[in-house]
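Number of protein chains: 2
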Amino acid sequence: MNSISSFAELATHLKDVNIRRRMVVANAVDNHTLEAVFKAVDLGLIEAFLIGDVASIESPELFEHNPSPYIHIIDIPEVHEATIEAVRMVKSGEADILMKGLVNTDVLLRAILDKEKGILPAGNVLTYNAALEIPNYHKLLFFSDPVVIPSPNLYQRTAMIKYAIQTAYKFGITKPKIAMIHATEVANPKIHYMQDYLDIMQMWREGEFGDVIMDGPLDIFLALDKERGSIKKVQTPVLGDTDIAIFPNFESANIFYKGLALFAGAQMGGLLQGTTNPVVLTSRSESIDSKFYSIAMACVLS
Amino acid sequence: MNSISSFAELATHLKDVNIRRRMVVANAVDNHTLEAVFKAVDLGLIEAFLIGDVASIESPELFEHNPSPYIHIIDIPEVHEATIEAVRMVKSGEADILMKGLVNTDVLLRAILDKEKGILPAGNVLTYNAALEIPNYHKLLFFSDPVVIPSPNLYQRTAMIKYAIQTAYKFGITKPKIAMIHATEVANPKIHYMQDYLDIMQMWREGEFGDVIMDGPLDIFLALDKERGSIKKVQTPVLGDTDIAIFPNFESANIFYKGLALFAGAQMGGLLQGTTNPVVLTSRSESIDSKFYSIAMACVLS
Numbered sequence: 001m002n003s004i005s006s007f008a009e010l011a012t013h014l015k016d017v018n019i020r021r022r023m024v025v026a027n028a029v030d031n032h033t034l035e036a037v038f039k040a041v042d043l044g045l046i047e048a049f050l051i052g053d054v055a056s057i058e059s060p061e062l063f064e065h066n067p068s069p070y071i072h073i074i075d076i077p078e079v080h081e082a083t084i085e086a087v088r089m090v091k092s093g094e095a096d097i098l099m100k101g102l103v104n105t106d107v108l109l110r111a112i113l114d115k116e117k118g119i120l121p122a123g124n125v126l127t128y129n130a131a132l133e134i135p136n137y138h139k140l141l142f143f144s145d146p147v148v149i150p151s152p153n154l155y156q157r158t159a160m161i162k163y164a165i166q167t168a169y170k171f172g173i174t175k176p177k178i179a180m181i182h183a184t185e186v187a188n189p190k191i192h193y194m195q196d197y198l199d200i201m202q203m204w205r206e207g208e209f210g211d212v213i214m215d216g217p218l219d220i221f222l223a224l225d226k227e228r229g230s231i232k233k234v235q236t237p238v239l240g241d242t243d244i245a246i247f248p249n250f251e252s253a254n255i256f257y258k259g260l261a262l263f264a265g266a267q268m269g270g271l272l273q274g275t276t277n278p279v280v281l282t283s284r285s286e287s288i289d290s291k292f293y294s295i296a297m298a299c300v301l302s
Numbered sequence: 001m002n003s004i005s006s007f008a009e010l011a012t013h014l015k016d017v018n019i020r021r022r023m024v025v026a027n028a029v030d031n032h033t034l035e036a037v038f039k040a041v042d043l044g045l046i047e048a049f050l051i052g053d054v055a056s057i058e059s060p061e062l063f064e065h066n067p068s069p070y071i072h073i074i075d076i077p078e079v080h081e082a083t084i085e086a087v088r089m090v091k092s093g094e095a096d097i098l099m100k101g102l103v104n105t106d107v108l109l110r111a112i113l114d115k116e117k118g119i120l121p122a123g124n125v126l127t128y129n130a131a132l133e134i135p136n137y138h139k140l141l142f143f144s145d146p147v148v149i150p151s152p153n154l155y156q157r158t159a160m161i162k163y164a165i166q167t168a169y170k171f172g173i174t175k176p177k178i179a180m181i182h183a184t185e186v187a188n189p190k191i192h193y194m195q196d197y198l199d200i201m202q203m204w205r206e207g208e209f210g211d212v213i214m215d216g217p218l219d220i221f222l223a224l225d226k227e228r229g230s231i232k233k234v235q236t237p238v239l240g241d242t243d244i245a246i247f248p249n250f251e252s253a254n255i256f257y258k259g260l261a262l263f264a265g266a267q268m269g270g271l272l273q274g275t276t277n278p279v280v281l282t283s284r285s286e287s288i289d290s291k292f293y294s295i296a297m298a299c300v301l302s
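Going down the list, the protein sequences come from chains A and B. When you line the first sequence up against the working numbering, it's residues 1 to 302, in that order. When you line the second sequence up against the working numbering, it's residues 1 to 302, in that order.
Do not rely on the hints blindly, as some may be mistaken.
No copy labels: a pair is met if it fits in one copy or bridges any two.
Computed list of lysine to aspartate or glutamate pairs in DMTMM-like fashion (alpha-carbon distance at most 25 Å, straight line) [stated by the list, open to error]: (1) K233 x D289; (2) K232 x D53; (3) K232 x D30; (4) K233 x E58; (5) K226 x E35; (6) K91 x D114; (7) K226 x D211; (8) K139 x D211; (9) K226 x E58; (10) K232 x D289; (11) K232 x E78; (12) K233 x E78; (13) K233 x D30; (14) K226 x D30; (15) K115 x E78; (16) K139 x E9; (17) K190 x D106; (18) K232 x D196; (19) K233 x D53.
I should point out that these hints are in silico values taken from the structure, not numbers from a laboratory.
If we strip away everything but chain A, and leave its shape as in the complex, we get (with noise of 0.2 Å):
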């Protein structure tokens, strides 16, 4: 397999896998979520069950021009309720895949937490991981977390760095490039998540992340470009090439995609990760673009 360097050759590997995945959608009744889902299930990516409050779908005329027998709805009016259901659902092994629709976060948060019917097994760390395809950049970076832990710890910095090596794994990168992100290069332990970046360069040389390339902290002229990166003279593996960014906290992560998608038309799918299932969590404000590259992501991670 060529390792997969934008959304379209995501969307042309899994037309090719031919694998339908079976994603259950908590209160998908807003448009965005809606065409997301259908585009998926027209590819052939997915056979959709729709668990929610039909009377509020705000467009029903959308499913007269999608009719298709991939899409099963499931009416459940009280939305509390059909997020319970959509987590047992994955948990019983009736769906692959997990995705948010008209639903507050905290509620399909405590959904996947709950200890005897959620998603998430003991002991793992729920974070996110995002891919970013960034025009003028010559491949897609994956970077975590934009979302859920403000300021990971030494812990769930690992795990999220783990979950980022097995993402790229599946897209067909052998060796990932990981740079672990600050403000500067120069590694200063009195500053905030310094000691935690050298710790990690320490397990790394052991060997605990396997097979890949590691450096930090790095600044983006380092991470993300050779010409500008070169100019510091610093030598490091990743030089321009990164495919996995680390960001110190979670600010850091969403200013950057942010910042991004604003004015270089950066285009952005991502998951939760840690779970038992890929979950597909997105704001009401990303476009059907980004649920769609966020349904394909969990296609290939399910």
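On the provided structure of chain A, position chain B as indicated by the hints.
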């Protein structure tokens, strides 16, 4: 005065004002620094005093191509001494602006911070304020602090905001709109910096910052894009029209501007603030343009 909304307008404004500021440069020997200085001299913005190790000038021929009565060379081969002399000239009033050439930032900062001979008044906060010109954003975006203060406390952040407001006034912005940026607009005092944001909002309501508009926490979409911001249905008076972005910490500010420099063609100028006089401190990897914009910013502020 109309407000200055791009670096081109800034250069035009300074030509119209037609006041030559006296700028002293510590060890101006590298080409990027010299070319930026010569450009500012040619446009009538500055008279330059170049103090440093003449023997180590990268391209002496640059001086032949740029002869000018407004360029003065002072040979002090020892860089540390040259830096101290440059700071002395500013302190004594012989120069209006200080610029860093090929000197380690540590050496320059030590000279600036020296209690007797330095130029940081006791009690002042030293921070970095920058202006970013982003294609597709409709005006300059001022922001703090990508370089100096890793993790600002309430006192430092308050000072940072006040410097940025003064800068915006000098650019002719009569009522600057200030956004305190985070991953989300939902204020949660348990998340780092959020309590400071809430305290600063209260100070703003009580008039501490004068006649400005302020909101925070806000995410990048709300702060910088009316369309993407509107989807969230959050009311904010700065929606998509921010003049000043205050970032939570130096890594998020640094990651923001470097991402946009690489992938959105953004250009930056920036200055140290808190000192008695503006200090141009750019890194070796900054472009000639970026160094020139920083000099121009210093001229407006002095």
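Contradicted hints - numbers only: none
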